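Participant: Take the two lone chains and join them into the complex the hints point to.
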Amino acid sequence: MSPMDCTRVMQLISAYADGELEPRRRADVEQHLRTCPKCASALENISLLKSAMGQESLHHRAPMALHDKILELIDEAASGPASEPTREPRPTWRWGWIAVAAAVLIGIGLSVYLMTPSEQKRLATEAVWDHKRSLMADHLVDIRSSDPKKVSAWLDAKLAFAPWVPDQAPAGYVLVGARVDILDGRDAAALVYSDNGRFINLFEWPASPKASIVNLSYMQIQGFSVEHWNNSAWNFYTVSSGDALSIQPLTQMFVAQTCSTK
Amino acid sequence: MKRFRKKALGHLDEAYNLARWLPRDGHDAEDIVQEAVLRALRGFASFRGDDARAWLLTIVRNTCYTWLKRQRTHETFIDAEADVDSVETDNADPFSVLSRNIQTEQLRLAVEALPPEFREVIVLKDLQGLSYREIAKIVAVPIGTVMSRLARGRRRLAERLCAEKDAR
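First to last, the sequence lines map onto chains V and E.
The first sequence begins at 1 in our numbering and counts up one residue at a time.
The second sequence begins at 1 in our numbering and counts up one residue at a time.
Next comes chain E alone, as it looks inside the complex (with noise of 0.2 Å):
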């Protein structure tokens, strides 16, 4: 028993940190997680256990979209991939190298600013280390989605923090 909460309480920080970075503002995921850990209790008799970890996260990040629906927050999920993935801005623009010491906060601000289809699958794989296949279930877009979206979260992150510097 003691192991088994040992363990529970391991993956309870990676369900809380997801729902502290998804919705703009993290001081509801407590609640969150919460909820989804109920969500979860409930929809477990339809779970076959292919991959726990991914479901629990799958249905924390939807908490997280339904519970900014609800509280009608300003943030609204864009769910049109057109929006998003579709119109090809790379471009092979030089751009300056960031400092070799990024300050903790302004990262933070950053990626609190990126709109929450780039934040999500930085927080996942930057965070939580999550790979692309990992990412793709539980974000239910393709791997390739997943590759050009952090893609481009990481270079808006890129171009945010190099203009920063660049203003100091």
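Excised from the complex, chain V in its bound form (with noise of 0.2 Å):
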């Protein structure tokens, strides 16, 4: 290959100072300049701009009256579906969208993905299998009841952990009841819900104490809608034979209220 000439290094010379250049493009950027004090010269006006750059108060910092802007929004997106509590259908979700997205603006720095996508896809298979078996072998619930505390009492007293059973009522689900199930080889909480006759499980065991994910994420299996999420104390698993609106509504409301109670 012939070597490069000042024009093309030139251009490459920024890549180069960034370390964004392929490793055979940057050897030859080097040949050249071994040779060409006139570009290493502009390599080094590059550096001593790069680390000028990060002189600290060329860096502005959010002001704390912005800081507490967005703090009462994520205090109000936390308290909303307790305090606001209508007859409106759905109201809520609105809420749940703000505390997710919140949680997504607190979890970008820590966004480390331990569970694989494949990994999530046989975990979400697994869960629309157990959503049609408990369709198809009416064996829906172990307890039948709409009300969450018995639920969560009776739950409470088959596993080894107490998993969430909030109220959806006001956001038009309906609490059918729970059973005791399988995921990931281990027990996990059911809980059914109605959306106007539509049935829904939402699964939920404890997330190993090193996950550190917050990662919402919609998959389509087999015709079913699956929706997903785990931080390091809980994962979700949302089942429903409707699209992703049918479902995402409730685990959106679900993480929200999770993000603002643990």
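It cannot be assumed that every hint is accurate.
[Claimed, not checked] Here are the simulated distance ranges between beta carbons:
#1 E44(V) <-> I143(E): 23 to 31 Å
#2 A113(E) <-> R24(V): 30 to 38 Å
#3 R70(E) <-> Q31(V): 46 to 54 Å
#4 P142(E) <-> G54(V): 25 to 33 Å
#5 P142(E) <-> Q55(V): 25 to 33 Å
#6 K150(V) <-> I143(E): 56 to 64 Å
#7 G197(V) <-> N62(E): 38 to 46 Å
#8 R108(E) <-> R34(V): 31 to 39 Å
#9 S232(V) <-> L38(E): 25 to 33 Å
#10 E159(E) <-> D184(V): 23 to 31 Å
No lab work stands behind these hints: they were computed from the structure.
What you are looking at is a predicted structure, and each value in this text was computed from that prediction instead of being measured.
Glycine residues also receive a C-beta, built at the ideal position from the N, C-alpha and C atoms.
Facilitator: So, in structure tokens, the structure goes:
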């Protein structure tokens, strides 16, 4: 390969300084730099600029007032579902989105995706099987009750963990009951909600303490809608035969309420 | 909840910094960030969660530009690739070496004087430390364009600062 000329090196020198060149091009640039003081001084300028841009006073930090406003929003989102019950259909999913978005804002720094996409999909497929089985084998629930406290007490007694059983009736999801199911080889609480007669299974079980994930993902598997989310404490899978909109408000409220209470 | 807040504040700084630098005069930054956060909340339903940081910064950037348009400032955003990118004006003329001790205030003015297409990539790269790939996503241009805008923006900065150095 012929050696690079100055024009070409000048085009690449900036990316070279940023460490963004592929190895072969990098080597070509380096070879040229060894013999060309002009291009070498261009590189020096870029390095000086880059280090000058590191000066603290050029980095603007958000003022306290802005912090406070965003925190207000987070608090509003956290307290939204509990403090504003209304009779409109699904009035609270907006708050769910706010809290989830807030969770994303805070989660960006620690989005270590410990769960690989294939693992997510495997678990989602398992959740779909459990969902189908619960409908076909007429084994929807072990305890039939729309009272979250009763359902929660029943699950507490059956499981080694205390699942979260919120009342989502104000948002149009009626609690049908719950059963104990198996997901990922472990006991999971399966909450069953009814959305205008369509059943939704919401599986929850404790996450690995090492998992530090805020990640809401939607999948379609065998014609079913599945939504998954987990943090370092809980795994959630929501399954329904409807479209994305049939489960997203429910999942998002769960996430919002979990973020605000745990 | 404590950790939650701590993290939120950490990323606010990044959003705010971008909003300070993108419009030439940065005193609307707080309003821009708030509007961007509201947009982010509204748009969250369509977010599928692969790169939340880029997603957020994209919204901040776009909010900056709608803000600028709305304020009808003299700084119009030239969206024509032809104006900025296609005319290859790079040449290999020799230029002098910068002072080792670049004055912050001069550098700030020089960055502010750059056309927004150059300024945004320099802010995202040199202040926020994003990769070319991430910048390409946020600015919605190919990686090669990010590369050439950065190269030319830096060259302009160096030329201006050198001229100032020589004038003194």
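Participant: Work down the list of hints and note, for each, if the structure agrees.
Facilitator: So, going through the hints one by one against the coordinates:
1. E44(V) <-> I143(E): 23 to 31 Å: 25 Å, holds
2. A113(E) <-> R24(V): 30 to 38 Å: With Cβ atoms ~36 Å apart, the hint holds.
3. R70(E) <-> Q31(V): 46 to 54 Å: Hint holds: Cβ distance 51 Å, inside 46 to 54 Å.
4. P142(E) <-> G54(V): 25 to 33 Å: 27 Å, holds
5. P142(E) <-> Q55(V): 25 to 33 Å: 31 Å, holds
6. K150(V) <-> I143(E): 56 to 64 Å: 57 Å, holds
7. G197(V) <-> N62(E): 38 to 46 Å: 41 Å, holds
8. R108(E) <-> R34(V): 31 to 39 Å: Once the Cβ atoms are compared, 35 Å apart, the range 31 to 39 Å for R34(V) and R108(E) holds.
9. S232(V) <-> L38(E): 25 to 33 Å: This hint holds: roughly 28 Å between Cβ atoms.
10. E159(E) <-> D184(V): 23 to 31 Å: 60 Å, violated
Hint compliance for this structure: hint 10 alone is broken.
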